[in-house]
Amino acid sequence: MNILEQNVTAEKTPGEQHFPPFEISADVIALADERISHYPESKLSAVLPLIHIVQHKHGFVCKEAITWIAEKLEIEPMKVVSVVTFYPGFRQSAPGKFHYRVCRTLSCAMEGSYELMDKICEITGIDRSKLSHHHPIVVSPCGNYSVEFAECLASCGSAPVCLVNDNFHENIKPENAQDLINKYQP
Amino acid sequence: MSDIKYLPGKEPHPREHRLIFKNIDREGWNPSIARYLEDGGYDQLKKAIAMEPNDITTEVKKSGLRGRGGAGFPTGVKWGFIPPKNTKPVYLICNADESEPGTFKDRYILHQDPHQLIEGMVISALAVGAHTAYIYMREEFPEAAITVEKAIEEAREKGFVGKNILGTGFDLEIWVHRGAAAYICGEETGLIESLEGKRPYPRIKPPYFPAALGLYMAPTIVNNVESLCHVKHIIEMGGEEYAKLGVERNTGTRILCVSGDVKKPGYYEIEVGKMTMRELLEDVCGGPKDGRSFKAVIPGGSSSKILRCDETFKIGRGEDAKDLSFWDIQLDFDTLAACGSMAGSGGVIVLDDSRRMSWVLNNINHFYAHESCGQCTPCREGSTWMQKISDRIVAGKASPEDITTLEEVAYQIDGKTVCAFGEASSWPVEAIIAKYRDELTAETSEDNDRLSKEQLQREMYL
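Read top to bottom, the protein sequences are chains A and B. One gets my numbering by counting positions in the first sequence from 1 and adding 232 to each. One gets my numbering by counting positions in the second sequence from 1 and adding 250 to each.
FYI, nobody ran anything at the bench for these hints, they're computed from the structure. Even glycine gets a Cβ: it sits at the ideal position worked out from N, Cα and C. There may be inaccurate statements among the hints.
Claimed, not checked - Derived lysine-lysine pairs resembling DSS-like cross-links, with alpha carbons at most 25 Å apart:
1) B:413 - A:275
2) A:275 - B:539
3) B:448 - A:295
4) A:244 - A:275
5) A:405 - B:539
6) B:638 - A:405
7) A:405 - B:647
8) A:244 - A:311
9) B:448 - A:275
10) A:289 - B:524
11) A:304 - B:539
12) B:638 - B:260
13) B:524 - B:311
14) B:514 - B:494
15) A:275 - B:400
16) B:296 - B:413
17) B:539 - B:685
18) B:448 - A:311
19) B:260 - A:362
20) A:415 - A:405
21) A:405 - B:448
22) B:638 - A:362
Claimed, not checked - Reference excerpt, derived from the structure (chain B facing chain A, CB under 8 Å, subset only):
23) 321
24) 324
25) 327
26) 432
27) 445
28) 510
29) 568
30) 571
31) 572
32) 575
33) 599
34) 606
35) 654
36) 655
37) 658
38) 661
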């Protein structure tokens with residue numbers, strides 16, 4: 233646990249209130265066992281699926297979850313940490329209840345995705361200036377919203393596009409940001 | 251074909267030849283197996299399962315199918331690389347990590363027609379002798395992951411997937427494996443590392459050619475979603491008949507994904523090489539936006555080299571040498587390669603005269619700086635360095651010498667990395683500087699203090 237303490241730095245965010253704290257529950261174990269069965273050759277392969285299970289339910293991957301995944305797969309916790317810290321899709325802090333991922337890559341940027349991001353931040357009370365390479369996710373003070381720039385969401389023909397949690401939205405012009413946000417009321 | 255109706259406003263262009271996208275935006279279509287079976291679904295699997303595995307590979311070789319993921323390598327030849335005396339299990343992996351900027355074709359197959367992919371995969375697995383297959387799905391397709399997993403379950407219930415397929419004793423399990431938003435997982439050895447549960451650092455080739463030493467060090471075939479779907483149609487038509495589509499060495503159909511500054515962006519499935527750039531941009535895509543004119547085109551995903559619309563290319567050698575204007579470029583693998591670019595993944599990004607090339611370059615640089623996996627020093631340091639220089643150009647803080655530095659950095663990445671990401675990140679820089687040097691230089695100023703060597707070094711590590 234000591235090594236984990238030094239290497240995993242979870243920042244508390246206002247988004248945490250919207251997710252149940254991590255616990256080793258029966259449903260998580262069942263989902264994990266089912267996924268592990270897909271990889272008869274190597275349990276290590278189930279690292280990404282297990283992290284997905286935890287993150288989907290609890291919003292982010294905490295130290296306790298990392299320890300549990302490592303025990304479940306009979307691997308060193310650092311192997312899980314190395315995966316969690318590499319992939320931009322894994323989070324170590326809670327996002328907001330509604331997590332907006334706006335595509336910033338060329339075709340979307342040409343159609344105004346940066347302006348869309350500015351609008352979403354303005355409406356949801358997120359400090360846009362805090363968004364940076366080292367802080368890819370910013371959560372609103374109320375914890376209901378968070379934003380992140382995504383790299384190419386593969387729908388360039390209907391730009392600009394964004395994901396809100398698991399829901400995909402296309403052709404979202406900056407001036408329609410309010411309509412999009414109205415769809416997700418806390 | 252003629253009796254198929256499409257949703258209003260989503261009708262294919264008359265110049266299209268819909269094979270893979272036959273069911274996309276089709277009226278009354280849904281991703282269920284019942285609907286797929288009504289339309290002759292899994293008939294080709296029944297046909298293929300009675301064939302010798304080698305005969306399936308031979309048909310695919312005859313068809314001339316080239317991989318649709320980016321490199322354009324012949325699919326049948328790739329399959330043939332599995333060592334003949336192999337005793338290890340063989341794995342088939344579908345690369346559904348579609349993430350090359352400008353590309354958006356697999357998305358529609360995965361969301362709307364998953365059974366076409368599954369049928370193509372089972373046939374391909376028969377050919378290569380795989381009993382386990384994985385679909386590596388990018389994390390940003392959460393809805394597709396659910397759709398495809400449901401489709402696999404439906405196929406399992408009907409006996410098209412799982413144990414003893416169609417009573418022949420052939421077993422194949424297909425699983426969906428979700429990535430986690432890393433572009434490098436589209437590189438086949440990076441993908442394999444990721445599937446093994448590690449950071450997706452690409453492996454060095456040789457010796458780690460997946461067909462010999464892939465997943466769990468066993469022979470592994472990694473094919474793009476679209477390529478696997480084509481296999482189904484090759485079985486249906488026969489390799490020779492399929493090869494009549496398109497042009498020589500560039501057979502079949504392919505989906506072009508057009509985005510950016512055109513009136514009608516979208517996906518268009520065409521016969522490879524049977525359409526010119528002019529026809530695509532002016533006729534199919536409706537021309538430039540009102541009051542604008544075309545400036546440049548990125549023809550095969552953001553990593554392919556940009557083409558100026560006023561360029562003329564010298565192609566061919568000796569007596570065959572000729573001039574080819576941008577507008578007459580045939581959209582196939584070989585012509586685009588002869589023009590110094592590539593057909594890549596089929597993502598065509600169109601830029602009009604309102605676009606600043608420095609801004610375009612900077613956007614692309616940000617992408618590659620973010621996505622470099624960090625394994626090789628030239629790419630890890632270089633991609634970030636290039637991004638910082640282009641940040642300065644866009645902000646009007648660059649000196650003319652920065653352009654030279656930028657170019658030098660690009661050439662020091664190109665060809666010096668384990669995987670093709672090095673080329674992917676440096677080609678756009680090399681091409682944009684070569685073709686728009688004056689425009690970029692005009693945004694710099696001698697008045698801007700040149701950064702000292704020490705400052706440059708410090709900047710790199712900031």
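Violations among the numbered hints: 2, 4, 6, 7, 10, 11, 12, 14, 19, 21, 23, 24, 25, 29, 30, 31, 32, 34, 35, 36, 37, 38
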